[in-house]
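Trainee: Now for the letters of each chain:
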Amino acid sequence: MTDTTEKAAVEVSAAAPVPAPASRRTRAWRGVTPWLFLIAPLALLITFTYAPIVNMLAYSFTDWDGVSPVLHYTGVENYQEVFTRPDLFEVFWVSGYYLAASAVQIVLALYFATILSFDVRFRNFFKGVLFFPYLINGVAIGFVFLYFFQDGGTLDSVLSLLGVHTDHAWLGTPASANTSLAGVSVWRYLGLNFVLFLGAIQSIPGELYEAAELDGANRWHQFRHIIAPGIKPVLTLTVILSISGSLSVFEIPYIMTGGATGTETFVIQTVNLAFRFNKTGLASAAAIVLLLIILLVTWVQRRLVPDDKVDLV
Amino acid sequence: MTRRAVARALVHLSLIAATLVVLLPLVVVLLTSLKSEKEMADTSGALELPHDLLNFHNYVAAFQDGEMLSAFMNTTIILLVSVAGTVLIGSMTAYAIDRFTFRFKKLVVALFLTAALVPGVTTQVATFQIVNSFGMFDTLWAPIALYMGTDIVSIYIFLQFVRSIPISLDESARLDGANAFTIYRKIIFPLLKPATATVVIVKGITVYNDFYIPFLYMPSEDLGVISTSLFRFKGPYAAHWEVISAGAVLVILPTLIVFLSLQRFIYNGFMRGATR
Numbered sequence: 000m001t002d003t004t005e006k007a008a009v010e011v012s013a014a015a016p017v018p019a020p021a022s023r024r025t026r027a028w029r030g031v032t033p034w035l036f037l038i039a040p041l042a043l044l045i046t047f048t049y050a051p052i053v054n055m056l057a058y059s060f061t062d063w064d065g066v067s068p069v070l071h072y073t074g075v076e077n078y079q080e081v082f083t084r085p086d087l088f089e090v091f092w093v094s095g096y097y098l099a100a101s102a103v104q105i106v107l108a109l110y111f112a113t114i115l116s117f118d119v120r121f122r123n124f125f126k127g128v129l130f131f132p133y134l135i136n137g138v139a140i141g142f143v144f145l146y147f148f149q150d151g152g153t154l155d156s157v158l159s160l161l162g163v164h165t166d167h168a169w170l171g172t173p174a175s176a177n178t179s180l181a182g183v184s185v186w187r188y189l190g191l192n193f194v195l196f197l198g199a200i201q202s203i204p205g206e207l208y209e210a211a212e213l214d215g216a217n218r219w220h221q222f223r224h225i226i227a228p229g230i231k232p233v234l235t236l237t238v239i240l241s242i243s244g245s246l247s248v249f250e251i252p253y254i255m256t257g258g259a260t261g262t263e264t265f266v267i268q269t270v271n272l273a274f275r276f277n278k279t280g281l282a283s284a285a286a287i288v289l290l291l292i293i294l295l296v297t298w299v300q301r302r303l304v305p306d307d308k309v310d311l312v
Numbered sequence: 000m001t002r003r004a005v006a007r008a009l010v011h012l013s014l015i016a017a018t019l020v021v022l023l024p025l026v027v028v029l030l031t032s033l034k035s036e037k038e039m040a041d042t043s044g045a046l047e048l049p050h051d052l053l054n055f056h057n058y059v060a061a062f063q064d065g066e067m068l069s070a071f072m073n074t075t076i077i078l079l080v081s082v083a084g085t086v087l088i089g090s091m092t093a094y095a096i097d098r099f100t101f102r103f104k105k106l107v108v109a110l111f112l113t114a115a116l117v118p119g120v121t122t123q124v125a126t127f128q129i130v131n132s133f134g135m136f137d138t139l140w141a142p143i144a145l146y147m148g149t150d151i152v153s154i155y156i157f158l159q160f161v162r163s164i165p166i167s168l169d170e171s172a173r174l175d176g177a178n179a180f181t182i183y184r185k186i187i188f189p190l191l192k193p194a195t196a197t198v199v200i201v202k203g204i205t206v207y208n209d210f211y212i213p214f215l216y217m218p219s220e221d222l223g224v225i226s227t228s229l230f231r232f233k234g235p236y237a238a239h240w241e242v243i244s245a246g247a248v249l250v251i252l253p254t255l256i257v258f259l260s261l262q263r264f265i266y267n268g269f270m271r272g273a274t275r
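So the protein lines, in turn, are chains A and B.
Start counting the first sequence at 0; every next residue gets the next number (numbering that gives the first Met the number 0).
Start counting the second sequence at 0; every next residue gets the next number (numbering that gives the first Met the number 0).
Isolated chain B, as found in the complex (with noise of 0.2 Å):
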């Protein structure tokens, strides 16, 4: 019994620990951010409290001399396009492979499998020179083609769910004169809904967070995305962490509240995502 009681203690003082080592450095970031230049000056300690719990001037200072609207703006409109898109193609390349046969579809679906097995960072060097061919550096273009264009486990996630959708449904549309377009997005379709969610979930909050592919792709400023906009707070504020801290607040403040209003459903996304 005390044995029990002593196991049950220490697994909750584990989680406990574990909350404060996750919590810890984004509240003291979020103190911080609330805090004046002078405080920032004359007090050494992190952890101590700001003096107004209301003192907003180091966000409107990240939030206009950061630009973060312009970036919350480019950020928006290629997560719109980009998860649209890859709604699409997946959906479309699902349909296509499991309800077709077609010669080299064997072909077809080894070249989607062994995609999944390169991962995107090694090749850019190459990628790089394909993007700039078609003259897409440097504008939005480039991050949503290369979100669109490279996005295998957005089809595995569609692919599990046509399956699950009888064929007879099809065959009988078939019976009344649906072609194989009408019965893609009169039937099919909108029975994928759960998977859409899912894609729609997992693949924004990708695009939302990505870094890389806007950095190498968009330098200009005023093409910066919320991640880039960020990245270049390292320079004019380096010494300004309460600025910094404001602008990092802001960009993870969207994500906490997506979070909590569709918790549930994000698990289940990234389950699905991740094990495909």
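Okay, chain A solo, but in the shape it has when bound (with noise of 0.2 Å):
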């Protein structure tokens, strides 16, 4: 269906007629007419988007604590600090956790889109338990997953079901903490992947599985050979917002922990130097080293996968 409206949206522009000649009244007035639109719209990005990176970037030069009046030119002093300082730097491990959980998260959304996109007895309704997940308000989850890892919560009481006891604090330790949080992060984005990949699986012609029937390929070849190369583009996508997301994790452990517990992920720092400990140059020079970082993996993944389809006009 995309496919049809963006062809028949590049036959438009290419039978676009060229303007008549029109006074130049008229053609003053449709000079201007773009922007009367645009002028609301170009006002909010400008002010909520670039002037703050700018303004950041003047921060982080600075030792400003946010609300004084005075601020002192630091140099690089920010910058040095986040690197050479472990315990700032250290934040950055934890986003291991939630980019092992991602890569779990793929192959499982991968899978279930998969078999969800051949004939399923309830095919809807698994859809439909597998996506939900996605829609529900992050701080309902943080509690609904408090409570599953709590002294005789949900967990422990399906584990004793199923006949083992344990002791285990599962957010008592830094290890088995980030384990359990980066878990719910699978459990919370699991549906969207998953419905991404169903959409891609679906748009692809159906006689390409007859005709691979017939030629006897079993499913696993028609997963190798039509769905794979079938999906890359939305799959890449997916692996590029992944690797952002892992970084900018913020909700799930502030939620549910606060960033105890060797949990502190490099947004809750970031947000605790800014706002609790009004450090406003020191977070805005992490917060920098962040959008950096974000923008060179979003660069090297356009570089490796020419994404044809971004063209804005």
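Only true hints are included.
If you want a taste of the chain A side facing chain B, the calculated C-beta under 7 Å gives, among others:
1) P33
2) F125
3) G137
4) V143
5) G152
6) A286
A few chain A residues that don't get close to chain B, going by computed Cβ distances all over 12 Å:
7) V75
8) T83
9) E209
10) A216
Under the rule of at most 25 Å between Cα atoms (straight-line distance), these lysine to any residue pairs were calculated in the SDA-like manner:
11) A/K231 to B/P118
12) B/K233 to B/D137
13) B/K233 to B/V21
14) B/K233 to A/G261
15) B/K37 to A/Q149
16) B/K105 to A/L41
17) B/K37 to B/A60
18) B/K105 to A/I38
19) B/K105 to A/R29
20) A/K231 to B/L116
21) B/K233 to B/F62
22) B/K192 to B/P165
In short, the hints are calculated from the structure, not lab data.
Please read these numbers as outputs of a predicted model, since none were measured by experiment.
Every residue, glycine too, gets a C-beta built ideally from N, C-alpha and C.
Join the two chains, each given in its own frame, into one complex according to the hints.
Mentor: Listed below in structure tokens is the structure:
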């Protein structure tokens, strides 16, 4: 469906007639008109996206506390601090848990999208169940899973039902807590990946499977040679979103542990630096570093997989 | 033949396992929300059924003490204004970019495009200062302005649809003497209904669930939205899981109802929204 609309769009723009010569007054009007439409969007865009980036860059070279009228230029001191103070840099390792979790998440989503794109009983029910967590409020999810991991909570009860009696404090040690939180993130975001993969798989023409089946291809062959190449663009998009997502985790750990027991992520740290310890300068430098990393990752991905779909005009 | 049957069974087994993993934590919270304080203290198992399946005391407590009514009101106001604003801004931007050639068009497009790459969470330190300098801090205007000002995805969605509307429609209206605003209002905008539905759904769910922005910009208790009001349960009810659970269910329920009634549109909306 997207394919046909895109083609139609191309034809339309190719057939667009050259505007007839107009009088000077109407031409002046035509020059102004697009700006009348763009003035509000551009004002918002610049005020809330570009001005902050520029300001943040400026703050990052100062020792500003966010409140006082005086700020001193300190050069690259903040950046040095971000990279050399072990406790500030450590939070990046926490991202590793979420990165590993997104690998699991992508594989699972791919598996479920593949089997549910074929005929399975109660297909719509399973689709709904897998997708629904993505729509749930993050705070509610945080509470649901706080109870899940509690002593004598859901997980312990299920395990004891299976005959396993643990006295494990799931959120008690850094490794266990981070694994648990990363698991929650898989639970929450699997549905989005799943729906994206499902949509991509369904846009592959059905005749291809039939032809393959006639040639004696089994499901694995079909996946390997039809589905996998067919959804490559969505797959790379998902990978890139997962990487930048893993670097900017905030909600679930903040709600569930507040960043305690070694679960502090980069964004939690930045928020704390800026709004609790009033170190706006240092927080800005940290945020700039994160922004640069994310832009770099995106740029690398665009270089590796040229995406011809990103043409705004 | 038998191998196929085994494979089929395994597929179904994996689907049932996934369903359990998704639903179990939610069902347990629902059960917990129906238990009384005494039951919570007496029984240890989270999986045990509540004595009275119609015990709604915790819901009343959560709704009243948690100020959920004002939270739902604040969320509704923010939701309506920012979704309407996003639709208006997104469609106008898409119309201007697709239907006009003007100076600096490439620059404008590049500005919107690049902004999509900047994750909002990273710039919040400085955005905060700007919102504050406008005097919008701790008012409903802060989230409204931020939700309207940073939504690039909706512009992409509208753009795709504007492109598919034949230019000949604009041309003939122009011959009839319509100006650009009339064309936008009478021709383009009505034809953008499917895109508008997509944007309303995607944006609506994002705004309803957002925690970060209201948490940072509206610390006042009477300005709580559902996320932040629910988050405040953590303090006073720390040990009262039955009340916290009721609060969580209250917040999840509207999402579930909307999801069940609009399922098809929601899937499509998110597919379009994410792949742009």
